[in-house]
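*Asks:* Residue numbers (our numbering), protein chains in the order written: chain E, -18 to 210; chain H, 364 to 587.
Keep in mind the hints are simulated off the structure, nothing from the lab.
Worth double-checking, as some hints may not be accurate.
[What the hints assert, rightly or not] Straight-line distance between alpha carbons at most 30 angstroms, and here's what the computed DSSO-like set of lysine-lysine pairs gives:
| hint | chain 1 | residue 1 | chain 2 | residue 2 |
| --- | --- | --- | --- | --- |
| 1 | E | K26 | H | K550 |
| 2 | E | K26 | H | K408 |
| 3 | H | K550 | E | K108 |
| 4 | H | K498 | E | K40 |
| 5 | E | K108 | H | K498 |
Only a predicted model underlies this, so the values are computations on that prediction, with no experimental measurement involved.
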Amino acid sequence: MAANKNLQYTLRYFDRIGVAEGSKLLLSAANVEWTEEHPEWPLEKPNQPFGRMPVLIEKHSNDRDFVICESGNIERYLARAYGFIPSDIRQAALQEQLRDQASDMFAAFISQLVAKSEEDRKENFAKFDGLLDKLVEVQTKQINANGNIGHMFGDRLSYADIVTYAFYKIIVVGMVKRQANIVNIVKPKLTPQLIKLITTVEANPLLASYTARGDSLAAIVTKPTSARL
Amino acid sequence: MLSGSDTVYVLRYFDLIGRAEGCRLLLTAANASWTEEHPEWPAEKANQPFERLPVLVERSNGDEWILCESLTIERYLARVFGFMPTDLKQAALQEQMVDQQADLAPAFMAQLMATDDMKSKQIDEFNTLLDRIVKEHGRILSRNSSKQHLFGDQLSYADISLYAFYKVYIVYLKIYQSNIDEIVKPKLTPEIINLILSIEKEPLLAPHLSKCDSMAAVLTSKAL
C-alpha cells in the first residue's frame, strides 16, 4: 500500500517502556511525523475510546481522525501501512506469529511478577522460564534459517525484527525497576543470533531517531557479564 | 479465495471449544477441506512448534506449512478466504474488536483464581471489561445498516469472532464457572442477541454449527 507520508500520528501511552514500544519503533522507522502523549492517569481514562492505552490517532484534516487501540492491532496497522509486513499472506502470518509468541512470553512474565503467594510465584516463574527458553529456540531457529544476518526474514528491517527487539526491551529495560534480577535471568539465555539481531535492529539508520532517545538494549545484551570472584 | 482446491487443513487442538472455535468457524465458512486432530496431551506437547495448541497445518502440492497462535491463525484464515477486508483501516477495526475480546480471558481467569481478599476487585475488573466489550459490539452494530452483521452485509471475520466469543462466555466457560452465563446473558441487548442468532443461521456456518447445540435456546430462555 502506498504510504501517505504526510499523515501525522499521536501515540498515547504511559511514559514508560511497555507494550507501546513496538508501535514507537514502527512510527520511527516509517519516518512519519508523530508525537507521544502521556495522558494523566487515571484522570484521562474515561477520555480514551476503551479506557485503556495505547491509543493511536492518525490525523485527518478533512475527515474524522482515524483512531485505533490494542497494541498488537496498532503495530500491525502501522507495519502494513508502511511496508514492514509483507503483502504475501503466509509471510505476514509468520511474522505475526513471532509477535504473538513473544507476547505470550511477556504475559507469563507478568504472571510471575504479580503472583501473590510464594508457591504461585515459583509455579508461574517456572512457566515463564520454560516459555522463554522455547521462544529463544524458535526465534534462533528462524534467524538461522535466514542465514543469521541480523534479520528474521529477508535482509531489511521487518515487523518481525522490530517486535522481537521490542519485547526483549520491555523485559530487560522496561521491567527492571519492578524485577531487578530479570536481566540476569534473560541475558544468559540470549543466543549470539538474538544478540546480533538486537544490535542490527538498533543500528538501523531507519531507527536513528528512536535510538537517540537512549536506553540502549544492545548495550545491555553485549556488555560482558562481570566474572564472579 | 487464495487457497488452491487441493489444499487441506488440519487444526490441532483439544476436544473443546476453548480458543479454537474462531478457527473452526472460519475453516467451515471457507468451505475448506479440513479435519481436526486432538493430540494426546501432554504427550504430544514437545511435538508442537511452540509446545502449545492450536496449531494449523496446511498441506498442498505435497508441501506442509505450519502456523501457531490462535489469533494469528484466525487472521491468516480470514485473509486467505476473504473474510478480512483488504482495506487496512477496515481490517484494523475488525482486529481491534477481536483483540479487545481476547483481553477478557486473563480478566476471567484472574477473577476465577483470585484469593478472597482480591476476589471482589477482580470481579469488578472483569465486569467493567465485559461491559465495555458488549457496549462496543452495540456501537459497531448501531453504525451498520444491516443488523445481521457487524460490518457490511456479508459474513465477516468480526461476525465469526463475535459468535465464538459469546459461545465461549455463555456456553464453554460454564465448565470452569457454572454461573458465567447468568453474569453475561443479562448484559446482552436484544440487538446483540438477534445478531448472534443471525450469525448462527448463516448457511456458510451450517456444516459446523449443525453439530453443536444452538445458542438460541440459551439466549432466549427466561431466567428462572
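*Asks:* Tell me if the straight-line CA distance from K26/E to K408/H falls inside 30 angstroms.
*Replies:* With Cα atoms ~41 angstroms apart, K26/E and K408/H exceed 30 angstroms; violated.
*Asks:* Quick one, are K550/H and K108/E close enough, alpha carbons at most 30 angstroms?
*Replies:* violated (35 angstroms)
*Asks:* Straight-line Cα separation of K498/H and K40/E no greater than 30 angstroms?
*Replies:* Answer holds: K498/H to K40/E is near 25 angstroms, not above 30 angstroms.
*Asks:* Quickly compare the C-alpha distance for K108/E and K498/H to 30 angstroms and report which way the hint goes.
*Replies:* violated (35 angstroms)
*Asks:* Is the Cα-Cα distance between K26/E and K550/H 30 angstroms or less?
*Replies:* With Cα atoms ~22 angstroms apart, K26/E and K550/H stay inside 30 angstroms; holds.
Hint compliance for this structure: hints 2, 3, 5 are broken, all remaining hints hold.
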